[in-house]
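Participant: Now for the letters of each chain:
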Amino acid sequence: MFRKSCFVLIFLTFLFPVPRGAAGEANPLDDATRLLADRIAAIPNLHGSLRLEFAGGDGLATSSGKPWQESFRKELEARHLSLTEEPSAPALRVAVTATPTQWILAASVRSTDHDEVRFVSLPRASIRSATLPAAPLRIERQLVFESPERILDASSLANGSEGIALLVYRNGELTALRLDAAGAVKQSVAIVAADIHPSRDPRGELSAQGGNVDVLLPGKICSFGWTSAGEVKCRPAKPAWRGTTVLAPPCDPAGWKLVSDGLDWTTPEMLQVVPDGSSREGSGAILSELPGPILTVNREQNPASALVVTRNLHSGNYEVYRITLACGS
Amino acid sequence: MRSTGLRSLAAVSALLAALLLTQAVRGANRPKYGGTLRVELHAANVSLDPREWKVGSIGAAEGEKLATLIYDRLVTLDDYGRFQQALATEWSHDTAGKIWQFKLRPGVKFSNGSPLTPSDVANALQGLLPRPLQIIPGESTLTIRSSRPVPDLLEQLASGRCFVLRKNPDGAFLGTGPFYLAENIPAQPAEANPGALKLAHLKFRANEEAWAGRPFVDAVEVTLGAPGLRQILDLQVGRADLIEIAPDLVRKARQDNLRVWSSAPATLLALRFDTTQRAASDDRLREAVDLVLDRDTMANVLLQREAQPAAALLPQWLTGYAFLFGSPMNLNRAREIRASLPANEAGTAEPLRLRVDAAGDLMKLLGERVAVNARQANLAVQVTLHATAAYPSASTNPNPPAAGLHLVAWHYDSLSARVELEALVSQFSLEDAGETAPPAFDPEKLYAEERRLLEQRQLLPLIVLPDYVGVGPAVRNWSPAPWGEWRLADVWLETGDNTTSGAPGESSGTSAKDRAPGVRP
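Chains as they are written, first to last, in the working numbering: chain A, 42 to 370; chain B, 668 to 1188.
For reference, chain B alone in the conformation it holds in the complex (with noise of 0.2 Å):
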């Protein structure tokens, strides 16, 4: 026995050892250059032009993930709370937080090379800032003024849309940042195949003359309407870098032992009452739903632990204060309030109708579970499925009934919780006309806010989700944000070919002469 575990340890040790060796002989690594990365997504159109976002759609989500390939903020984020400089290199305020002047980056250009002036910076940020406020430029500053005190400015130009960019006359946006669009490349029937259809690409291109520095890979390649099966499979094979996974394919993907990256729970799934059926303006209706919702369940079996229960809009992460909203499920208390509610209301002959507005097997999962809960505390909830591009079978009435319920998906994206509440409340019209409560920027403040919108029950929270990356064995630095922000220009590849090893100038980049001189959305 002792001589069997000596032959044992010694055969570990030399393996050990053998592994040190290796090491040793590699020595210490540097990052390489070249290569490049391929990116497949879910959505099907990508619009590069933040203007175009809508504020927590899924959509703005992912058009954040590209436009940070190629255009800059004025500030950054660290993962560690210090805000960074981007294009701004210094920033100070007044005592009142209203008066913000930022001393811009000197010698930086767009990716044709003409000079970002105070005035571009300016002209960008006009319209993107969630309120109207009067963006000043000077000769290398910019001054940005408000009628009230603003003092989550750097929040707000460190995430969401505040992207720097402009506008070509002939509609191509520039921006400054790593990478350039080289080609954009719509869907289209496949020349092998032509009833099925070659997905939309996108390639973007190393910056060399970025303010920053080159970034590592010579280019992006996004792959945009990839379904989730096809991108495991690509990860697998290798076909791909870099993929989204569903939440309910996150479990597959880790059975088949592919490398997963999670962020802080990045969407919010919530039920959204709409008085278009009488039914939905019963406060008691409202409370009733509430109460009967199994949001454990939701999180933990349906979506396997890969969501959490959600209580409250906004997440822990972005507030501190969200465990403090727990969740209100009461199944009696929900019959009894049924019990005192009109037979024909949410009843078997007038059911409340539940339109899931992004189609999806997850989402019509979750459409259906709300009405199995529902039947608990007899309340009867009919899920109608609403036609969207990927799912353009799902209804098949043009005129359906109005619906008092809607399952619906915001995607959080700024970094300030005040004006992610704000968002909330403007997008799904939480307020009643004329009601607009001061903005809250302590967590006390914020709280009460929070806490009385649950309370008017308009907007129910469900689950939230983080958003799920598949990360292939030969990407190098992945270090994406804690709330979901790709850094792709950090990202390095490990091919074991020398093609990418080197210094910048050694790697098989673009030429000058290959670069678009902008970007197209």
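Same shape as in the complex, but just chain A (with noise of 0.2 Å):
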């Protein structure tokens, strides 16, 4: 039970890996781990334990990327290689790199007189973010989007329905897409009558009521309903842009603001869930670290939820979680 006098600060410690993929789904870092593994077995004259070293190269080869280093160890015995930890073993160097465009693998062994090399390289952005290394996640949230399209902001949609419509900013023009439950795009609206101008800061709100939708701009109103989705309609208009987001989980209905500075856009970012209202001020604050900025932060339907949009910084992504606050630990 969480006392309102008591001056604590709560960090919730429990972890929840977000699933992203499919079961099943082929990995092309894994493809080419094990690509890597055969072209080592496959050098001739290698005889007795080598000592397996990583060296330079950034990401998986050092200490944030133990798990893949492991699945290549794994890897290496399931071809017969005995590695050993043996200082006078010959040393077999692997490295790792994000070079700007590719994944490179490298390594290197002694084999009789000489160095053998083998490399194996993949374009850099065909490995998921989720494959790397990432800051674990600290809150109770759920990924349910990502996208390279630049992602103004995401709503619920009303009357109930799963799913969530989100607004894109494509290419100099917005785009509202439908999605369903499962993360799908259903339905995708160009807003072309807003004819908006090149941005390098582009601002847009999303607000559904009913079957309609109010998409808000800065000057304007644009508005469509996703049965007659072709006619789309902007009127000048001066928004009421969103103002704090306020959450009501079912044990504490008084109230959580969830506070976001975004001051500075090249850092993760903290996402402050702190108690509303005045008088309870100072009473305690919930943190969950973002693996980028906060964009928008926009309340559900369920009144304990919320949809924050975020700049993934270590995949470029823009990512779609929905916060949720959940009562006991």
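What the hints contain is simulated information worked out from the structure, not anything from laboratory work.
A quick note: this is a predicted structure, and the numbers were derived from the prediction, not measured.
Among these hints, one or two may not hold up.
Said to hold, decoys possible - So, partial list: chain B residues that the calculated Cβ filter (under 10 Å) puts toward chain A: (1) G748; (2) L821; (3) A879; (4) Q983; (5) T986; (6) Y1114; (7) N1144.
No residue lacks a Cβ here, since even glycine has one placed at the ideal position from N, Cα and C.
Reassemble the complex: the two chains are provided individually, in unrelated frames, and hints are given to aid placement.
Facilitator: This is the structure in structure tokens:
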């Protein structure tokens, strides 16, 4: 039971790995790892035990890439290559490097009187960010959608429908997307009538009302219905931008504010969940580190959850998370 | 004890709560428009004409920093390995990678309002791409044909000199980028003190009609030729927002609690042998010099870990294989080789002369370290400083004797490892006449080619240095590419002043009538 009068800083420590790909989906990094192991195993005159040494590079061959290192070790052992920690054993030196456009897996080992070097390369963008070492998640949350395209806002669908709506900025134009509960795009509506100017800071918010959607833009509001999506009508208006998002979990209906500063788009951001109401200020905070700056926060129909749009600085993708305030630990 | 602990916890919690409350009040901040970003650079002169840039030179790197303000490329590369649309919105190539077709973005205008045409793009790129390619403009497309496969064409177009610009008959250069050059004031004697020099200034103003959107700041003001210590002082007292920090001043900047950003290793410092001094043509002498160099000490002691020892010509971040070239240092073997050489070769009477081409404290220090290392194997190396604009008094002899060694700096400027290696080979004449290796596109071939070049020992890598930048407290969204390219159009300033907030039209920007029609390099 949370005691309101006590000054306590709560850090939720439970971790929720986010499943992003379907089970059994081909992973180019796994394929590349196996290929590199194959190539090393095929080096002629490779006798005795080898000392595996991860060198240089970045990402996977450093300490944050321990799982990959273990997986590579297993691949070598599966090919009957004997590995040892013995310092006098010949070194099998491996580095995995993200060059500007590729992942390069490089390995070198001494064979008789010369070095044998083997490479595997794959396009850098082909590895999904979920495969890469990432900061652990620190709050209950669910990744519901990710895209390399700029997501301006996310909103739950009205009328209790499952799925969400997104506002996307594509090559200088706005598009509204309707996604089903599995994250598949079911409908796309181009907001051509908005006739927006190109911007480095495009801004837009979705507001669902029944089957109709309002798209709030600087100086205008565009409206359409999912059932008559061909008709998008815009009118000049001063939009009332969304204010602070307040969530109300079942065990504390007094409300908690979601706070982000958005001051720096180059660093991961901490989403702060603080009690709403001046009488409760300072009584506690829940922090969740997101993988990038928080761009928008929008409450869902469920009063305990909100959709948060962030840009993952690890992958460059825009991601939509569902943040839910759950009760208990 | 328990009571004190609780009180401390309460105090910390109250402080955090106050912080959270402040941020809650602040709400979701949007980027702010307006203000002038003040930049200081070491270079006294910067050319904005990419055709004038010497490949691999520090001057080219400085020029590229400013060129990104006013010109665009066909494509760009993001930090995640994905090519992004710029002036081209679509591209495709044939299976051989010899014919590339680009669809150009419609409606793009130069900063003077004239439209960008496919012919403009073709004219701009002709001569900027490293080897002859046929560039054919279409109605709204551009076709690039090559007799050989060019699988790394996008890497080339996204880096180096490949900017799209137009040269007007009056000599002015026009770009389609986020800024245009509004003022170019050369260095001149200061009014108050004619003996002192007022540094050169460039002022770039926001291009309101930029196709990618107006930049956040109204203007970028660049001061050229600012000495390193002055730059640090200017950042500290708020007279500058972005400065370059020389590697030997990085430690001081960090101690002064300045915000220091560093790129991936961007500059190679190396020794180049020059056979105009006969001893330098002896393979054994070159091997002895290579084996005696203590690169670790150069990087970790002289440069206080602000550099990395280099045993490869290209950096790890570009090739993924540089780690395979270990340090060749072997003092005993160097002494053995020295003993087998004629006594007068690199001896006291006829030392190997090391010319420091780009004079400066760091280069001089490194040159002297090379001489100290060589002495450990009884090799005599004499350092001679070559005069430059920055150090005019370095050399007093107008006809210095031939030097067998040069200390050279090479700034990596291509995102294609193959192009970078070919440029190094060409610049330093590392191939014998008539010997041209086929282009190496895959890592195996590139590695083999670099290994072959290193074994020739005509160019000995010493250390690689990142670019260091001091970033002022008001600068937001400073997000340069890891390889060092600046992206100032996305930077905004947090001044705490209402004049810099709000939408583009609300800022204290310049009116269209203030606009200069073009850019004079």
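Participant: In ascending order, which of the hints set out earlier in this document are inconsistent with the structure?
Facilitator: none
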